[in-house]
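J.: Can you build the whole structure from these sequences, using the hints too?
There are 2 protein chains.
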Amino acid sequence: MQVRQVVSSYSVVQSHNSKEAGIWVTYKDGIYDITDFMIGHPGGDKILLAAGSSVEPFWDLYAIHRSPEVYEILESLRIGNLHPEDKVARPAVNPNDPYKHDPARHPALKVNSAKPFNAEAPGSLLADNFITPNDLFFVRNHLPVPKVDPKKFRLQVGGKQFALEDLKQKFKQHSVIATVQCAGNRRSELSKLKAVNGLSWSHAAISNAEWTGVLLSDLLTSAGINGEDYKHCILQGLDTDGEGNPYEASIPMETASDPKKEAIVAFEMNGQELPLDHGFPLRVIVPGTVGARQVKWVKMISASQEESYSHWQRKDYMLFSPSTGHDTADYDKAVAIQEYPTQSAICEPRNGATIEGSEVTLRGYAWSGGGRGIMRVEVTPDGGKTWYEADMHGDEQQKRHQQWAWVLWEVAVPVPDGASDMSIACRAIDSSHNSQPEKLESVWNIRGLINNAWHHINLKVDNED
Amino acid sequence: MQVRQVVSSYSVVQSHNSKEAGIWVTYKDGIYDITDFMIGHPGGDKILLAAGSSVEPFWDLYAIHRSPEVYEILESLRIGNLHPEDKVARPAVNPNDPYKHDPARHPALKVNSAKPFNAEAPGSLLADNFITPNDLFFVRNHLPVPKVDPKKFRLQVGGKQFALEDLKQKFKQHSVIATVQCAGNRRSELSKLKAVNGLSWSHAAISNAEWTGVLLSDLLTSAGINGEDYKHCILQGLDTDGEGNPYEASIPMETASDPKKEAIVAFEMNGQELPLDHGFPLRVIVPGTVGARQVKWVKMISASQEESYSHWQRKDYMLFSPSTGHDTADYDKAVAIQEYPTQSAICEPRNGATIEGSEVTLRGYAWSGGGRGIMRVEVTPDGGKTWYEADMHGDEQQKRHQQWAWVLWEVAVPVPDGASDMSIACRAIDSSHNSQPEKLESVWNIRGLINNAWHHINLKVDNED
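Protein chains in written order, with full-length UniProt numbering: chain A, 1 to 465; chain Y, 1 to 465.
The hints are simulated quantities; they were obtained by calculation from the structure and are not laboratory data. On a predicted model such as this, the values are computed, not experimentally measured, just so you know. Watch out, some of these pointers could steer you wrong.
For chains that are exact copies, the list does not tell them apart, and a pair is met inside one copy or across any two.
What the hints assert, rightly or not - Computed list of lysine-lysine pairs in DSSO-like fashion (alpha-carbon distance at most 27 Å, straight line):
no., residue 1, residue 2
1, 147, 299
2, 172, 260
3, 194, 439
4, 399, 315
5, 299, 19
6, 231, 260
7, 333, 385
8, 28, 231
9, 385, 315
10, 231, 160
11, 333, 168
12, 333, 231
13, 194, 110
14, 333, 399
15, 168, 260
16, 194, 315
17, 192, 385
T.: Below, the structure is given as structure tokens:
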């Protein structure tokens, strides 16, 4: 194997991140020019996510790379080594920074806001895995990540306190595969129509994981709380704002106390200890419900006749009519969002991609809240005149009324002869036959919440032989 | 009081049913000319429903008429008497007619098919009553009304038999206010787009009643059937086709055996014995579920691992994509409709009505299946650019996840200056934020089922002072 013993700096590698400049990546101390290899890459142009940086975080996600054959191909592309003393400097930690306990994150995440950290996976990766890898699971933090000593940590439920070990050993453990979606998923499409308040999420503020913990209903019972006696279950996190006010939300007590709703206090995510960004040591998972109620770093659970009085419950996650403005929105009369409606999106190809050939294979996700499964996913290349039905796969074990996980779907659509571009939309129909509204105008609202209009992508067609 | 002692025949009265011919009605043996009275009638032109016939069936519905003042007004309009011997001839009963046990029906019902009897109320009456009067409740019969001797009747549940008195006395009675909707409600709008199979229902194949009976889950338990052991609950009626095959359907056992789903075997409708057309002596009510599974005249309830093999379960009530034709529809792969999606319609004014004044008050209903309540109803006079939010009223006692009843709504919309006509649409948003698709094209399907596109009416505006 021939390796040119060029020694280069990380900044030089970083500048090679486009077809024009050549595409370089690193693996350990090796530098590799993959410009010509890209065409044959089985994962397509997803390899570009590592352009100008290390492939290692991606190989952690796609373990198929960990084989002698792949290492051999990689070595054949080696053009040099990183300078031994070249390490990427990590910025010094400011001891007064409230975000100083935030963890390192995967470089593939598309950051919407650094502090608090909010990021989604590149949309094109999302439909690769039925279970989203922890590193790619979207992060929606409202406040800094709190630092927790798991040995001293106690969960307060009503008048009782539970140590982590108590929870894990004294209660029956329960696992549930559930999709979590940010209420702002797909907000960026709405802001193109007319400005809205909120982070500019694309369509990947949604992910799916297997969560393991204890049933919230068991905890409530153990604390002597009878669900019939209360209307709301208050959930408070350890994360606080500058003035010490914690994140808080509430869910209907009927949901919290019904074991069939499978709300859990989770300590594991996909078989691993809950990551810092996802609520270590404990987060509440309320399947089928909007992400904002699934409180991370939960420290206190209580029963109440009133909804949480937090900003996030009373003045934020509420859906108004397209004709309601900031001046006319009445948060006191509106209802806090809980269950999520039918949703779907196209993940591959990416919006704006160039395709060739006589058909294009589309892949994406579809999901509905409230335990409703997906009955059908359809794709139209002509604005709704013709629909192509997609093949779906998901978790076949989930029961009717408890279908908490998304389905991934795939369908091939013919490319019309001579077309130079295509506009494609998808929609899903859930098990109660609720579909998605056609137009963004129909769902636009001042907060840009719950955009579930048909999801569109535009493609260019390369007609050259 | 002056009464012209003209004696007239019923057929003469029948011919006076339009403004041109004059509008006559009868009450007992009196004949009344109400042509001039109509303008002042507080119920508006609904009085036209009785044109050329008796007002009595309508006064039964609207008891407000039973007052001395109203009788006095009526007598002032008397123009004569019915000929004493003039009785409307009832057609002779053919002893071989399988429909010979069908009951007499209210004359206001709009008949879609006489045998089997299928009829809806005039759409403009529907939003008058939160509880639909039994006489106006839509009727969807698949087969002739069976004749039942209530003393001999036995309900078979698994291996057990229950007499009617047993059911009423040995089980806890349960009442539930639930809306029932035919899967074909609003089909007529779809057939205008492209022909579909099925009865041509307008928007009144939906009604709301209080049902009283016993919980299906209690009955199953009493018969030793454990819901966890089976997938489906089979429901068979006493009504049969010419070859003796009974009407049959099934619902998921999870729905049947969960007391929170409130499926009941009902013997009362709005406090009265179940009417013949609504399943006397027993019908199954499965709140939030499509009408076809709520088997009337139920005689047999059983547990199964398979769905019912009836035509209606396997080859009929299934929803296909707009791009699926009769040649490509695969009933073996499709899923039988159970839960209903978000729905709404405008009941008043009637489509095509002429309005005057600077605003028009619209009234209608909204409902969603699966126990989801209605969050918001909106009306647009400009194709979705501007939305007016309606006031709603319903059953405030219903709990989240158990909101089985519709809401009635009302909203005033300004009439644009100088407009000669208006096209108005409504849509509802349910408690999981599922809305309604905009276009009929989006929901069209070969069977014309579950049309829940925005509901439109066109109005003429009378601009004359």
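J.: Next step is simple, just say for each hint if it's right about the structure.
T.: Structure-based check of each hint:
Taking the closest pair of Cα atoms, residue 147 and residue 299 come within 27 Å of each other only inside a single copy of the chain (12 Å); across copies the shortest separation is 63 Å, beyond that limit. Taking the closest pair of Cα atoms, residue 172 and residue 260 come within 27 Å of each other both inside a single copy (15 Å) and across two copies (24 Å). Taking the shortest alpha-carbon separations for residue 194 and residue 439, both the intra-copy value of 14 Å and the inter-copy value of 23 Å come in at or below 27 Å. Taking the shortest Cα distances, residue 399 and residue 315 sit within 27 Å of each other only across copies (24 Å), while inside one copy they are farther apart (35 Å).
Neither within a single protomer nor between protomers do residue 299 and residue 19 lie at most 27 Å apart by alpha-carbon distance, with minima of 49 Å and 73 Å respectively. Within a single copy, residue 231 and residue 260 get their C-alpha atoms as close as 17 Å, and across copies as close as 16 Å, so both meet the 27 Å cut-off. Taking the shortest alpha-carbon separations for residue 333 and residue 385, only the inter-copy value of 23 Å comes in at or below 27 Å, while the best intra-copy value is 39 Å. Neither within a single protomer nor between protomers do residue 28 and residue 231 lie at most 27 Å apart by alpha-carbon distance, with minima of 55 Å and 54 Å respectively.
In this assembly of identical chains, residue 385 and residue 315 lie within 27 Å of each other by CA distance solely across copies; the values are 26 Å between and 41 Å within a copy. For a Cα distance limit of 27 Å, the shortest separation of residue 231 from residue 160 inside one copy, 20 Å, qualifies, whereas the shortest one across copies, 39 Å, does not. Neither within a single protomer nor between protomers do residue 333 and residue 168 lie at most 27 Å apart by alpha-carbon distance, with minima of 40 Å and 43 Å respectively. For the homomeric pair residue 333 and residue 231, the shortest alpha-carbon distance inside one copy (18 Å) is at most 27 Å, but the shortest distance between copies (41 Å) is not.
In this homomeric assembly, residue 194 and residue 110 come within 27 Å of each other (Cα to Cα) only inside a single copy, at 23 Å, whereas the closest approach across copies is 46 Å. Taking identical chains as interchangeable, the C-alpha atoms of residue 333 and residue 399 lie at most 27 Å apart only when they sit on different chains, with a minimum of 18 Å there against 35 Å within one chain. In this homomeric assembly, residue 168 and residue 260 come within 27 Å of each other (Cα to Cα) only inside a single copy, at 21 Å, whereas the closest approach across copies is 30 Å. When the C-alpha separation of residue 194 and residue 315 is checked against a cutoff of 27 Å, the pair qualifies only within one copy, where the shortest distance is 21 Å, while the shortest distance between copies is 46 Å.
In this homomeric assembly, residue 192 and residue 385 come within 27 Å of each other (Cα to Cα) both inside a single copy, at 25 Å, and across copies, at 16 Å.
Violated hints, listed in ascending order, are 5, 8 and 11; each of the other numbered hints is respected by the structure.
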